[in-house]
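S.K.: Listed in order, the protein sequences are those of chains A and B.
Be aware that the first sequence starts at 1, since it is given in the working numbering, and climbs by one per residue.
Be aware that the second sequence starts at 1, since it is given in the working numbering, and climbs by one per residue.
Cut-off 25 Å, straight-line C-alpha distance, at most; resulting in silico cross-link-like pairs (SDA-like, lysine to any residue):
#1 B:Lys-401 x B:Asp-98
#2 B:Lys-401 x A:Glu-39
#3 A:Lys-46 x B:Ser-171
#4 A:Lys-33 x B:Tyr-382
#5 B:Lys-195 x B:Leu-271
#6 B:Lys-327 x A:Glu-39
#7 A:Lys-46 x B:Val-143
#8 A:Lys-42 x B:Val-95
#9 A:Lys-42 x B:Leu-230
#10 A:Lys-42 x B:Leu-224
#11 A:Lys-47 x B:Tyr-134
#12 B:Lys-401 x A:Ala-34
#13 A:Lys-47 x B:Glu-58
#14 A:Lys-42 x B:Phe-332
#15 A:Lys-47 x B:Phe-391
#16 B:Lys-397 x B:Thr-57
#17 A:Lys-47 x B:Leu-222
#18 A:Lys-47 x B:Pro-432
#19 A:Lys-42 x B:Val-153
#20 A:Lys-47 x B:Val-376
#21 A:Lys-46 x B:Leu-140
#22 A:Lys-42 x B:Tyr-306
#23 B:Lys-403 x B:Ala-425
#24 A:Lys-47 x B:Gln-67
#25 B:Lys-401 x B:Leu-103
#26 B:Lys-401 x B:Gly-387
#27 A:Lys-46 x B:Tyr-411
#28 A:Lys-46 x B:Ser-372
#29 A:Lys-47 x B:Ala-324
#30 B:Lys-403 x B:Phe-138
#31 A:Lys-46 x B:Ala-296
#32 B:Lys-232 x A:Glu-39
#33 A:Lys-42 x B:Val-430
#34 A:Lys-47 x B:Gly-55
#35 A:Lys-46 x B:Ala-373
#36 A:Lys-42 x B:Leu-103
Everything labelled a hint here was simulated from the structure, so no lab data went into it.
Remember, it's a predicted structure, so these values are computed and weren't measured experimentally.
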Amino acid sequence: MTNTPFFRSVALGLLLAAGLALPGCVSVAAYQKAYLNDEDMKLATKKVEAPEVNFESYREGGAGANGGKVGGGCGCN
Amino acid sequence: MVIETKLFVKNTALTILALAAPFAALAQATPTPNRLDGSGLSPNAAQLPSPARYGETEVDILGSYYQQNGDHSAVEGGVGSQHLTDTAPTILLNVPLDSTTRLAANVGIDYYASASSDKIDQVMSSPSAADVRYHADFGLSHVLANKLTTLGVGAGVSKEYDYLSFNILASWAHTSADGNRQLSVTGQAFIDQIKLITPAELRVGGTRNKNYGSDNRQSFTLSLVYAQVLTKRLQASISAEPVVQRGLLSTPFQRVYFYDFGPGGLAPGTLGTALAEVLPRLRVKYPASLRLTYYATDLVQLRGFYRFYNDNFGIRAHTFELEAPLKVTPFFTLYPFYRYHTQTAADYFAPYLAHSVGDEYFTSDFDLSAFSANKVGLGFRYAPLYGLGRFKMPFGKRITKFKSLDLRYGYYRQSTGLTANVVSANLSFVMP
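Start from the sequences and build out the full structure, keeping to the hints where you can.
M.R.: Written out as structure tokens, the structure reads:
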């Protein structure tokens, strides 16, 4: 139950949507980026979030691709 | 100005080394399987250009306290307390060396105490075992003359009682001329050495033999991130981060009990009938993720994250995360967040007394089991326009601005019964 076709479909759907949407987007000029330059619009985890990303990467066997560590520095795997 | 900056960097490096030396001498015994990582540099995140003040030195003081409870300790073969606490102070430095080059540093320690690691030696009444991990990572980034391409290199080390790790990385990022797209590629390699501490009853030469052997592990990561501005209010990034790990991937002090193994007439499940966990010496991971940020209104923004994960151990996972920052005032932001994770079990996982001694690979580590997990929490950031305060550094005359304060709490619960609480804070300073 932890991995249903539903999740697989959602995953594929999201990645497909992203692939289709990214090339077709509008060009935004620098002076139009007031919203995008907001601190909360950064496409990254916040620094204060790092401890959570770390413990999740050790407590969950399926982790990675989120800026956390993926190897080294710990006897866990 | 450049000479002044270089002197400051040199002084900072010397201060860090001087501070680190006594801590290194304090390294303690007793490893734990539930340790946390203080993390190194995070080169994987795509950053579309923002109007950062390149001349400022940034200093972040991070602190966190993590506590977990559960009843599936891998040291005891999938049963027993998983109680653990971890305190992790970290300092992040980002120093401009000149107008195109920056030096980054991430230095910190993890101090953790774990109930389960007492059970490596089966000392039933001892206090919780504790250990300290030290880590330091340094990186250098340089913007080329075209102002669109950034190159980076980095290296780091971490050390604890039974584990020594070195890493190196190289990165390349290119931004489009209009600043609406960025592609970044990062390669990283970890070279690790592991002391082979086995459960006391499995040690060759008797339980008091402390002449452990060693093994090694190498991890290679390639991170590809493409970030794109979609509209004036929406941007996204997609990433793939294949990982190859070779060498010792099991943890030698984690026990596995078998339903059909009782040497010397012992009943299966009693002390002396376990073997140390065994896993394949090659693991290949294939994670891919999508991140979206949307400026819905001046009051609310939305931050979304989805990750698909697959590996050759048989684990397949999905992770969703949503955060909704609420701007209570222009300088005070509250951000509730929710995260859901689900994964299948590794092919080699079975719980306590469920493995057969005929299995080639076996583990009862519930991190590799099938479960779902929910995390919910709340954070706030206070960042006044002119900072929370200004003061002079003790050594030198530079004015330092206390720029912002971030505080965050998260509650985490797995379907295995594991629960965790984590509080973290970030005090951010800048020096013009």
